[in-house]
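Novice: Chain by chain, the residues run as shown.
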Amino acid sequence: MYRKYYQPELETMPVEEIKKLQDEKLVKQVKHIYDNVKYYRDLMDKSGVKPEDIKGVDDLHKLPFLKKDDLREAYPYGLLAVDMKDCVRIHSTSGTTGKRVVAFYTQKDVDMWEECCARAIVAAGGNEDDVCQVCYGYGLFTGGAGLHGGSHKVGCLTLPMSSGNTQRQIQFMMDLDATILCCTPSYAAYLGESLKEGGYKPEDNKLKAGIFGAEPWTEEMRRDIEKALGIKAYDIYGLTELSGPGVAFECESQSGMHINEDHFIAEIIDPNTGEVLPLGTKGELVFTSLDKEAFPMLRYRTRDICVLTREKCSCGRTFLKMTKPMGRSDDMMIIRGVNVFPSQIETVLLNNGYAPNYQIILDRVNNSDTFDINVEMSTEDFSDTPKVITTKEKKLQDAMKAMLGINPKIHLVAPKTIPRSEGKAVRLIDNRRRYGITT
Amino acid sequence: MAVKQISIFVENKEGKLVTITDSIANAGIDIRAMSVADTQDFGIFRLIVTDPEKAKEALESSGCFVSITKVVGVSIPDEPGSLAKVVNILARYNINIEYMYAFITVSKKFASVVLRVADNEQAEKILEENGIRLLTEKDIEAI
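If you're matching them up, the sequences are chains A and B in order. Per the working numbering, the very first residue in the first sequence carries number 1432; after that it's consecutive. Per the working numbering, the very first residue in the second sequence carries number 66; after that it's consecutive.
Worth double-checking, as some hints may not be accurate.
Pairwise CB distance ranges, derived in the manner of DEER restraints [to be verified]:
1) B:Pro145 - A:Glu1651: 53 to 61 angstroms
2) A:Asp1635 - B:Glu122: 19 to 27 angstroms
3) A:Lys1847 - B:Glu163: 22 to 30 angstroms
4) B:Glu79 - A:Arg1520: 44 to 52 angstroms
5) B:Glu163 - A:Ser1809: 16 to 24 angstroms
6) B:Ser127 - A:Met1515: 29 to 37 angstroms
Source of the hints: derived by calculation from the structure; they are not laboratory data. Quick reminder that beta carbons are idealized off the backbone N, C-alpha and C, glycines included.
Given only the sequences and the hints, what does the whole structure look like? Please build it.
Specialist: This is the structure in structure tokens:
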């Protein structure tokens, strides 16, 4: 049976009804939090807000923000809103930017999350006759568990591959005719390269769609992956703090991700003043959960910079859409006083015919920042004379300078020599930290 | 006619050269001649070997970045003025030499010179017409 939506009555709900549903749910969620979480109660009391002041979405702005630092401070049980006996699982963030965050789930929380992922899979064309290869990491990371659960809910044959072991991934993909691939975009690109090396053409696999998320990627990268694997590539967004992947997902129009508004309220704020900005304005994305039991979130600041829009979508879904995050305050590097985002570097690489296999190395010499980028060459880039390579390096350096405003030193290196972590790509080595410099 | 040269990309890092020499040695391949071009970051190691295809395979399987480049090989008498003669011929026809390296063999009274030019066929034709003996893959194996 072909389905266009996983839960049509919710996904295509008229906008006014979404608002009404959110109003009702928000009142309950705020009361649940105030009654059960001392940390929140103190925050709200300090801002002079009582649960009865919140009568609907229009009152949301009265609530204080919750920041990542709050989550760290409240670690591990400080934000838990139910008895431990009602919790069935935890997941955790990677902890790369500081202390880990541990999120708790009741069975209802897990079901809600998996339904969100199921919506994403159906939006990517998934149905019960599909074979869904999940090569996000399984374990504390939410990627594997979320898409795995979503795939079950849709009724796909689920291949619980987890990350890594590329040869085995390829073998299962080909032997079991996987039709949907779920992984990080950098791993999808890597699988594409590995298939090519193994002598496979894009049409040799049965894949039709890929659901890629958990790290920043660009439109250029999307086109490259689509070409290399012969698929349509869909974006998915989420945070462990809110559940995991599936908070927002892309539909066939590939023009931004629909936010599951029956479960989450999204706001855009000015990251400096905290002021709520109108739809269509670039700012920091803030989420409020509506149905969560164990680990509810009120106005959680994601630090992702994006734009929200509510336009009629050709897919028929009424949920508002967020753009791909344009940068993240945690990812942003300050190099010689200039803000640099990895996504800018990826764009330059792709525009100049390089695969996005790179590593940024920052250091400090004589009190000034050094900025080096190692970039992998392809076989066509290699020649027997150094001049050919140094000329290419210079050209790429000029293109970087034009995009970033500062001059990196480009080093072309041999293919497959930059260490790949098969979960999240490690793109940055910041040796300046040795000198106590943090950005 | 041209001779196949193995070009290997070598990052300026410890242990890189060992990987190359070991994998060639383990494959039982003889190096006839070599030259290195280097920059601050990397070098390009160029080799003339007995079996270029096998060498490429062995190097690639140990993770080296390799390409095969066709170069012109000439055999000249091991005596003063021989190399000058070759270079003069090429200069006369405005053929630019990107790089060159030479090796001599003890038993025979000949030296071999590897020349990298833009157009191999043109250079070979001119050299042959001017009485210079060209090296073939077979010659390399027989050295």
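Novice: Would you say the C-beta atoms of B:Glu79 and A:Arg1520 sit inside 44 to 52 angstroms of each other?
Specialist: holds (47 angstroms)
Novice: Determine whether the Cβ-Cβ distance between B:Ser127 and A:Met1515 falls within the hinted range of 29 to 37 angstroms.
Specialist: violated (54 angstroms)
Novice: Is the gap between the beta carbons of B:Pro145 and A:Glu1651 within 53 to 61 angstroms?
Specialist: For A:Glu1651 against B:Pro145, whose Cβ atoms are near 59 angstroms apart, the range 53 to 61 angstroms holds.
Novice: Note whether the CB distance of A:Asp1635 and B:Glu122 lies within 19 to 27 angstroms or breaks it.
Specialist: holds (24 angstroms)
Novice: With 16 to 24 angstroms as the target window, see if B:Glu163 and A:Ser1809 comply at their CB atoms.
Specialist: With a Cβ separation near 22 angstroms, B:Glu163 and A:Ser1809 satisfy 16 to 24 angstroms, so the hint holds.
Novice: Verify the CB-CB distance for A:Lys1847 and B:Glu163 against the hinted window 22 to 30 angstroms.
Specialist: Holds - the Cβ-Cβ distance for A:Lys1847 and B:Glu163, about 28 angstroms, lies within 22 to 30 angstroms.
Of the numbered hints listed earlier, the single one contradicted by the structure is hint 6.
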